[in-house]
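**Student:** Listed here are the chains, written in short residue letters.
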Amino acid sequence: MNWIILLVAFTSINLPVAQQHLFTFNEQEYSSTSSCKELKQRFGFSTDGLYYLSTASGVVYQTYCDMTTAGGGWTLVASVHENNLYGKCTTGDRWSSQQGGSPNVPEGDGSWSNTVTFGTAEAATSDDFKNPGYYEITAEDVAVWHVPNNERVDQWKVKSFLRYHTETKFLNSYSGNLYNLFKLLPVKFGVGTCPANHGPSVPLVYDLGDATSNHNLYGPNIRALTQPGFITFRAINTEGAAMAICSGVKPTGCQNEHCCIGGGGNFPQESPRQCGDFTGFDWDGYGTGVGWSASKQVTEAAVLIFYR
Amino acid sequence: MNWIILLVAFTSINLPVAQQHLFTFNEQEYSSTSSCKELKQRFGFSTDGLYYLSTASGVVYQTYCDMTTAGGGWTLVASVHENNLYGKCTTGDRWSSQQGGSPNVPEGDGSWSNTVTFGTAEAATSDDFKNPGYYEITAEDVAVWHVPNNERVDQWKVKSFLRYHTETKFLNSYSGNLYNLFKLLPVKFGVGTCPANHGPSVPLVYDLGDATSNHNLYGPNIRALTQPGFITFRAINTEGAAMAICSGVKPTGCQNEHCCIGGGGNFPQESPRQCGDFTGFDWDGYGTGVGWSASKQVTEAAVLIFYR
Amino acid sequence: MNWIILLVAFTSINLPVAQQHLFTFNEQEYSSTSSCKELKQRFGFSTDGLYYLSTASGVVYQTYCDMTTAGGGWTLVASVHENNLYGKCTTGDRWSSQQGGSPNVPEGDGSWSNTVTFGTAEAATSDDFKNPGYYEITAEDVAVWHVPNNERVDQWKVKSFLRYHTETKFLNSYSGNLYNLFKLLPVKFGVGTCPANHGPSVPLVYDLGDATSNHNLYGPNIRALTQPGFITFRAINTEGAAMAICSGVKPTGCQNEHCCIGGGGNFPQESPRQCGDFTGFDWDGYGTGVGWSASKQVTEAAVLIFYR
Chain A
1 MNWIILLVAF
11 TSINLPVAQQ
21 HLFTFNEQEY
31 SSTSSCKELK
41 QRFGFSTDGL
51 YYLSTASGVV
61 YQTYCDMTTA
71 GGGWTLVASV
81 HENNLYGKCT
91 TGDRWSSQQG
101 GSPNVPEGDG
111 SWSNTVTFGT
121 AEAATSDDFK
131 NPGYYEITAE
141 DVAVWHVPNN
151 ERVDQWKVKS
161 FLRYHTETKF
171 LNSYSGNLYN
181 LFKLLPVKFG
191 VGTCPANHGP
201 SVPLVYDLGD
211 ATSNHNLYGP
221 NIRALTQPGF
231 ITFRAINTEG
241 AAMAICSGVK
251 PTGCQNEHCC
261 IGGGGNFPQE
271 SPRQCGDFTG
281 FDWDGYGTGV
291 GWSASKQVTE
301 AAVLIFYR
Chain B
1 MNWIILLVAF
11 TSINLPVAQQ
21 HLFTFNEQEY
31 SSTSSCKELK
41 QRFGFSTDGL
51 YYLSTASGVV
61 YQTYCDMTTA
71 GGGWTLVASV
81 HENNLYGKCT
91 TGDRWSSQQG
101 GSPNVPEGDG
111 SWSNTVTFGT
121 AEAATSDDFK
131 NPGYYEITAE
141 DVAVWHVPNN
151 ERVDQWKVKS
161 FLRYHTETKF
171 LNSYSGNLYN
181 LFKLLPVKFG
191 VGTCPANHGP
201 SVPLVYDLGD
211 ATSNHNLYGP
221 NIRALTQPGF
231 ITFRAINTEG
241 AAMAICSGVK
251 PTGCQNEHCC
261 IGGGGNFPQE
271 SPRQCGDFTG
281 FDWDGYGTGV
291 GWSASKQVTE
301 AAVLIFYR
Chain C
1 MNWIILLVAF
11 TSINLPVAQQ
21 HLFTFNEQEY
31 SSTSSCKELK
41 QRFGFSTDGL
51 YYLSTASGVV
61 YQTYCDMTTA
71 GGGWTLVASV
81 HENNLYGKCT
91 TGDRWSSQQG
101 GSPNVPEGDG
111 SWSNTVTFGT
121 AEAATSDDFK
131 NPGYYEITAE
141 DVAVWHVPNN
151 ERVDQWKVKS
161 FLRYHTETKF
171 LNSYSGNLYN
181 LFKLLPVKFG
191 VGTCPANHGP
201 SVPLVYDLGD
211 ATSNHNLYGP
221 NIRALTQPGF
231 ITFRAINTEG
241 AAMAICSGVK
251 PTGCQNEHCC
261 IGGGGNFPQE
271 SPRQCGDFTG
281 FDWDGYGTGV
291 GWSASKQVTE
301 AAVLIFYR
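Residue numbers (the UniProt record's numbering), protein chains in the order written: chain A, 1 to 308; chain B, 1 to 308; chain C, 1 to 308.
In short, the hints are calculated from the structure, not lab data. Just so it is clear, the structure is predicted and the values come from calculations on it, not from any experiment. Do not rely on the hints blindly, as some may be mistaken.
No copy is singled out in the list; a pair is fine if it fits within one copy or between any two copies.
In silico DSS-like pairs for lysine-lysine, Cα to Cα no more than 30 Å straight-line [said to hold, decoys possible]:
1. K183 - K159
2. K183 - K296
3. K169 - K296
4. K250 - K159
5. K183 - K169
With these hints in hand, go ahead and build the complete structure from the sequences.
**Tutor:** As structure tokens, then:
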């Protein structure tokens, strides 16, 4: 029996130590639970919502579990939120660079392949979010939701306009999570060329929306240079800049800064115009959906990333 | 025996209470406590200090309870701390904008009406602080303390130079907290004009200091354009910039950037000189207390916001 | 009877399950444990790794305990991590200034002498880290590790290239920790002159490496102006800028920005070129180890600070 207990109660700074003593705890098992999948399988939880998980090292954190989609057991491990598309690799661009866009920071903040965590589950559509599950959980597939910014947790599913998941168990080939995938395939300027060094493109199963509606979230120019129905990891552009995730597309060209999110800290073309969590989504105007620009809908929505 | 225990384990927002008991223990009462008022009323706590609270969704956080003023039961939900008045909407300006002051960010960081949290109770006079109680607690009144920067928790009350509260239960008209009030009355450039679109001005009861000493914290020019003895929410200035809280005053003119704190990210007059957590408090010099400038005392003190 | 309970299992990544039981159930004594030293002495924990500690005010946090070096019982309270040496007092420079380098911010972010906390134990080599132990624990000595950036916790000790500690109990003269030491000796521009107002230089006992290998981490020019085998606190440079820690050296000259880390926010010489967590380590090029520049090894390693 694996007992790991976290109890927190009403503690005042003024209590005598004597009162802090003694606690009885009978026969209830609290087990360190590492993922929503385990919560579902071992304990039968079947309701979407917030739960506590813990890591092998004892870090306790709260996150959202999707317990119903395609069998359930999906753990929210990250959200990519664009706080200000006019800010080019500035404060709030934690999935690219908060240090400006420059050759001096080829990997930017490095969040895709380090253990730094930030944000909270409750604010995952209002701020970048990354919990220890991102690097700790061993998973096989990912799911992605696009949820309008600033929605409350209980509204995420109903207000989302796009939800999909993979079923190929591709993470088995990358040591079980995106942290390990991006250790292998760094999101860093200059690590490779387009298209030779793109990471995997994985086919999608749609839970809300479809490959075409997903494709149409991006500008017409980049739609002509991508194939719908995939999620792609570690894409590279013409100038050698690296991006983390292309949600819903497989690049067939190299202007990937218009459909991929997250990245390193150096985007040479008209630097730093493409640098930021949502890269060059505003190339032909903010939310215009014309030329290379993405739609307002996808521009003003957080990208939630789940593991199972 | 009155067990007051909060077990953090497998807590879902959707679980029936019965299921939560499964994960606690024999003969112990599980009590999620959401506010200092509840701690006082249900459990009899009567000492000022730090306590743990939890939200309906199971988020556990530590904050300060004022258990003695005017009946006690006041929960600290936020502090507005000016880390650097020379930095105009830069790092640390979480209650206005950390993205610079510009028309591109009319709402700034949006902290007044989103669920992003930051800081810690212990550091609430050294850093901006916002806990889940800010958006979760249902309250009727607010209290405000002005405490010199960098004071330790046990010194807050004794070192504070101004403490007041409302008694009108005005939050009943705004869905029970400032988060909801500011959802209704956004702190955003361009949402209205001065004075037509100001939010409520609520009369104050002083616990330390009085309406006059409070008024005198601001520069003589703005004193002539404000009425003492009120707290005002969502004030607007001549140029259409919005501010969150005018501590101790009701504007009778429109130069409110000299007596109101928090705000959106766009202050057009000599932009970005008025942009920041303490807006234009330094208009006629830092801490000079002449012309439009606030006193050094109020400039170098954190504003602690409580609910009851 | 009111039972006020704060129970957090002392969970180590390395502990056998049986040991964890001792602290969690029937009839066991719950004790708020404030330091790794107490964990070792009172409860016999002897394995390096992550543990939970709590403060007198009830703040619970996880940190790393070195339970084996020189008798063990060392608590990790802080790490200084240079995220981007090209960024001069910009985002991520939490131990100096994130507000730019300027006379307006003589103390910078003030982290050395305030209660603001940041980062996590798990990410202590990827991000700045400061926990409540930094200001709460009463200690006598410090230990310092230099660990390459982005190492996982279980690799810290084996990948570190320098580890040392003091044995003089010098903290007894400074109210028991660095927070109090730096309250007394502020890390702030203009508080004194070099060398008259330097803080203490304490002799070191090396656990990995030696005084010479430590000395050689810095550029030849500054080696000529320092004596190896000491840790120095609150050094000052020619222009009156203050720095927090000179790891492994005692200054004999005043160009201390090339061997000391952490600092205020104003470094006048060619401002802001010396401003940042690792000050002027790149004066003659990044990681070159020539002239005034430090080696790449020390430049790309986090500095972990322990108390006992």
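**Student:** Look at each hint and say if it fits the structure.
**Tutor:** Hints and how they fare:
For the identical chains of this complex, K183 and K159 are inter-copy neighbours only, at 18 Å across copies versus 33 Å inside a copy, given an alpha-carbon limit of 30 Å. When the C-alpha separation of K183 and K296 is checked against a cutoff of 30 Å, the pair qualifies only between copies, where the shortest distance is 21 Å, while the shortest distance within a copy is 32 Å. Taking CA atoms no more than 30 Å apart as the test, K169 paired with K296 passes in neither setting, with 32 Å inside one copy and 40 Å between copies. Taking the closest pair of Cα atoms, K250 and K159 come within 30 Å of each other only inside a single copy of the chain (26 Å); across copies the shortest separation is 39 Å, beyond that limit.
Only within a single protomer do K183 and K169 lie at most 30 Å apart by alpha-carbon distance; the minimum there is 18 Å, versus 42 Å between protomers.
The structure shown violates just one earlier hint, number 3.
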